[in-house]
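A.B. asks: Residues per chain, in single letters:
4 protein chains.
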Amino acid sequence: MPANTFGELFRVSTFGESHGDAVGAVIDGIPAGIELDFGAIQNQMDRRKPGQSALSTSRNESDIPTFLSGLFEGKTTGAPLAFIIPNKDSRSNDYDALKEVYRPGHADYTFEQKFGIRDHRGGGRSSARTMAPWVCAGAIAQQILSAKGIQINAYVSAVGEIESSVPENLDTNFIDANAVRCPDTVAAEKMEKAILQAKEAGDSLGGVISCFLKGVPAGWGEPQFKKLPAELAHAMFSINAVKGFEIGEGFALSRMKGSEANDAFESADGKIQTRTNRTGGVLGGISSGMPIHFKVGFKPVSTIRINQDSVNREGEAIGFSAEGRHDPCVVPRAVPIVEAMAALVLVDLMMMHQARL
Amino acid sequence: MPANTFGELFRVSTFGESHGDAVGAVIDGIPAGIELDFGAIQNQMDRRKPGQSALSTSRNESDIPTFLSGLFEGKTTGAPLAFIIPNKDSRSNDYDALKEVYRPGHADYTFEQKFGIRDHRGGGRSSARTMAPWVCAGAIAQQILSAKGIQINAYVSAVGEIESSVPENLDTNFIDANAVRCPDTVAAEKMEKAILQAKEAGDSLGGVISCFLKGVPAGWGEPQFKKLPAELAHAMFSINAVKGFEIGEGFALSRMKGSEANDAFESADGKIQTRTNRTGGVLGGISSGMPIHFKVGFKPVSTIRINQDSVNREGEAIGFSAEGRHDPCVVPRAVPIVEAMAALVLVDLMMMHQARL
Amino acid sequence: MPANTFGELFRVSTFGESHGDAVGAVIDGIPAGIELDFGAIQNQMDRRKPGQSALSTSRNESDIPTFLSGLFEGKTTGAPLAFIIPNKDSRSNDYDALKEVYRPGHADYTFEQKFGIRDHRGGGRSSARTMAPWVCAGAIAQQILSAKGIQINAYVSAVGEIESSVPENLDTNFIDANAVRCPDTVAAEKMEKAILQAKEAGDSLGGVISCFLKGVPAGWGEPQFKKLPAELAHAMFSINAVKGFEIGEGFALSRMKGSEANDAFESADGKIQTRTNRTGGVLGGISSGMPIHFKVGFKPVSTIRINQDSVNREGEAIGFSAEGRHDPCVVPRAVPIVEAMAALVLVDLMMMHQARL
Amino acid sequence: MPANTFGELFRVSTFGESHGDAVGAVIDGIPAGIELDFGAIQNQMDRRKPGQSALSTSRNESDIPTFLSGLFEGKTTGAPLAFIIPNKDSRSNDYDALKEVYRPGHADYTFEQKFGIRDHRGGGRSSARTMAPWVCAGAIAQQILSAKGIQINAYVSAVGEIESSVPENLDTNFIDANAVRCPDTVAAEKMEKAILQAKEAGDSLGGVISCFLKGVPAGWGEPQFKKLPAELAHAMFSINAVKGFEIGEGFALSRMKGSEANDAFESADGKIQTRTNRTGGVLGGISSGMPIHFKVGFKPVSTIRINQDSVNREGEAIGFSAEGRHDPCVVPRAVPIVEAMAALVLVDLMMMHQARL
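Chains as they are written, first to last, in our numbering: chain P, 1 to 357; chain V, 1001 to 1357; chain U, 2001 to 2357; chain E, 3001 to 3357.
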């Protein structure tokens, strides 16, 4: 199956390139009778959009989705919901120089190898801009989940070598209190400084996003090949620049003994739960009712001003230095993308679970 | 879609429980005219099967698949290839005590929450034994890939806190030279000792498996939602006990600067390649022609003899100490499973790529 | 996607050839906690099996499915349900003569063109025997539907040029009262005679099967591409020898005027229904709550004793006369197959409908 | 899976309602490097669009698709191809009267039963207008097939009780020579007269469309559940108002003997073919290399001016007489839809076949 559709029962089919007319998506499978909260959708769009702070690219897009179908008198009808997000501030000329060069760390070379052709303007289909529709679709999914008491919150837990220390009971109100989206204000300040330094130096930084899913009932996720962590990992590795994923304590668990790693069961208020939650809210790939938590590692932005070695299409060595607008660190803007993809995973597994009832 | 099928064009539909009559699978989509190498299949089965060394459970299974269909005069016909692997040495009585208890770290509680019913004998459908058919299907996929010059090799790179140091040009012949399947013989010895100590103590250990895919041509993997690393991550998180996945340098990349992380392009012998390979053989989710490498982190085996706190179905606190046969460390036997799942990912993406040509 | 799986949420993956060890299937997606009625399953198997009357082939198979997985203490667990049906009375020698010839009306030539290889023994994968697992899976689906008050009944409404006249309120008890499975006993007698005459003459006959689905609630079927009639048509054309399908009055509707064809709505006992039901229980591809009825046209069995012109693999003209055991008319044994496929369609659409609730 | 996507490898995901802003689709899986022939696409759009002759509705739409993505310098890039077709001449006021009534023969009642909500303007998602994007996608598929020597031609072979007699070697140039799209000019004249009479009388007519697929190589179609006739039947029953489908001689075959029905094989010019083609170009669900031909039966248009009995939402009996613009007979405009759906089936099976090579 072609690969521009995410989900099986709540299906999001995306389209669009960085410098085409628009990006967008069609959502099929959305239940009927839902009154969309357009303000909440726009809020997530705004958290992702370029130009929102000094830490991000200066490309200026309002990123307001236009809905073309699937709504009647403000409610979903059960028909596909299509929306487009116009590309307004695309300067294709900036990219003419890229026609012949393979930018290190980018998908230029591999797209050309795969398709024999490449829309080089702004990265074309491989541009981070193509994830804007994910955020819109994810915000709709979040609304459905929220009605069931499920909360999804991601935040920046590391930028480069700076790690945040986040208290166990994260106050999500602190996440957007700074431009980095790190609720540890001390770390956030250092991160911000590091990002601006990298920008100054024409370099870039990577980072880590942590995400919590609260209120997910026990029983979601399907063995063997739609396990909740597998679906989340797949969703997160769909995001540009992601290179690592951990559920619960992740790789740290591989260094523990079983007697240290296992979460003991206990009863509390007539409810069965685990005393600790090292496994991250899943057992055997199925949600346990405990909070689900995971981490996503991003490599630094590939586009840097510093000169790099590369080759052109003829394989001739050339030096390459990026001139266009770009982010020095992608993680602050990726927070709503992580949330969106987590929401799309959950709503699909929820519907899968319901289908059997 | 239900979740016991892996792949879209090379589809493996699995079935079976630990203590039922058999586990098995149906492979649909296999090209016609392939002469199966049953010796190679059995070799991978043997690497996974229980009872192969002092490091593994003493359950004794020959794990010889019986093929029921899809073959004619030794060749595949294009019809589905079904095979079963009988369960011979299953002692269900060992598990009667488990009927009422939720074992910490296991899927007992979540399966019961999901399905309202649970086959408690040996973990039922959540047992590691249900992965035996994956190895058989993967071995067939490996054969198809091998004919295209693709090699898949996994090995144990960490057990608990002991990490191997592996030379860049791994000699795959060393992998099976010891029971741990770690080609660094010095580390392997320490690992073996650690596993036996854990066994002695009634405890268990986790570990890390590294995997290399060599000879994959540039252009495999499909943006946006069938990216090669996303498919690999999904496949690896389908394996029991997996809690972390990294492609290339993984989380280490999130701590680098762009100028450090990017792999410069260069020409060598008229071929475009990258000078380094921190990204792990993929760019934009598509193979670059460089070796693909990734790491998979496993939590320690949940079944331990040491007494643990748990609850029974009524939520009453009970102490629980496992008596049955089990592995003190799962990673040596998981090596062929990692290889199998990688092969299933690659063969599916290969066919997807071909479909468009 | 490969094509040996039927359904999306209640998925049946089939395997097996006429003269291999067994045919069978894996059912994935079956809800947990269902107590299977094995007697009802066997009853449908027996209605399809060969050798049941003078009208059918003398191949002798007991066709008793063996369940390998997915059951625990007699109930489904939510895990895949695998079953095999052994091939006992297969005489491959009968078919050695077929190795080099393309039998008219059969799939010999096209399978060889498609796959480059062909299991010629008894038609291999294209044999009618490969539909036995459909009947088993369908009987399980019927059980789920029956618990919701849905009844599925098919019967033979034509054999060759003999058409039955069936009263509107069909008494389903009459269907199995004769070997033809036609509840119009006068017609049934003529049909039986015609079939025996064809057998005598070394020739074969086609026929038509009519099917009624009662108790299906309004609202099943999904626009645009999972409409109920489209799914039924797809299911019926999967059956060997099917060449025509009509829902409701079918082609007769194309000769009516709108004022004649439309079914007027009316209220009866506080329930909205249609006065007539020419459309066959669907409007816009969605069930209306009225009985669904459709017809399936079968061509005559391709295997006949009468000599026919054909060619061998080298394209040389040869005369060909079938010697093996075969049915002179397939429709009596196809009745349970039509019911099975209708049941698989309905259970899948039921689950799809539930997923959105 | 939701149902607004057609195809598995060449996937068309549709959206839009009769009176929304636009209808459209996203095509995913289209091979890269194809230069689209926009003239040929528009030609098919024009053959379907309303207002093209006295036989069709007077709604006036230019039906020019706008492509939003997937093209670069006039060629496909392998990225999804999204297009929208604006709705210009929609007069929603015409439909206010329909809010409370269930129109006989329409999907009003069943959509409301399914979704609990209904966009009543012009039939909303169930409108024939929602098939416009199918024609655009199909025209693109036709272009891909045409490059492989495959021709797809449909024509009207019956209107009401008037049947055309069409010579075996149909000259496709005659199809569009009249407004009915029947190449038998004598019959066409009668059909046209009958349609205009029905229009005058406020009534409507049904009809039959025949379709030929020439140049399809032997070997396309996948047993067991993607057989070519099954896929075609599914595609055709997706079209509004379709009630019957026959491949080859269809139901007439059910009245023949095997010795009459079987197509004898012969060699001609070193090529194996069948002497006759009653089976319609398929054997065992796989193309034989002979022309594929099938028939599609349409019920008469449900919207008529003649007064009909119905009920409103409260179940109260009301008389209903349609006032809006509508076609008295849908088959002339359905010709390009049948061709489009046939093309989508073929291109998908072609890619499926290629995937295994």
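Note that these hints are calculated values from the structure, not bench results.
A virtual CB, placed ideally from N, CA and C, is assigned to each residue, including glycine.
Heads up, a few of these hints could be off.
Said to hold, decoys possible - Reference listing, derived: stretches of chain E covered by chain P, where coverage requires no fewer than 3 residues with Cβ under 8 Å from a Cβ of chain P:
(1) 3028-3036
(2) 3077-3090
(3) 3180-3186
A.B. asks: Would you mind marking each hint as holding or not holding in the structure?
C.D. replies: To see whether the hints hold, each was checked on the structure:
1. Counting residues of the segment 3028-3036 of chain E whose beta carbon lies closer than 8 Å to any beta carbon of chain P gives 4, which reaches the threshold of three, so the coverage claim holds.
2. A count of 7 residues in the segment 3077-3090 of chain E with a Cβ less than 8 Å from any Cβ of chain P is obtained; the coverage claim is therefore met, three being the minimum.
3. For a cut-off of 8 Å, the count of residues in the segment 3180-3186 of chain E with a CB near a CB of chain P stands at 0, and the three-residue condition is violated.
Consistency note: the structure conflicts with earlier hint 3 alone.
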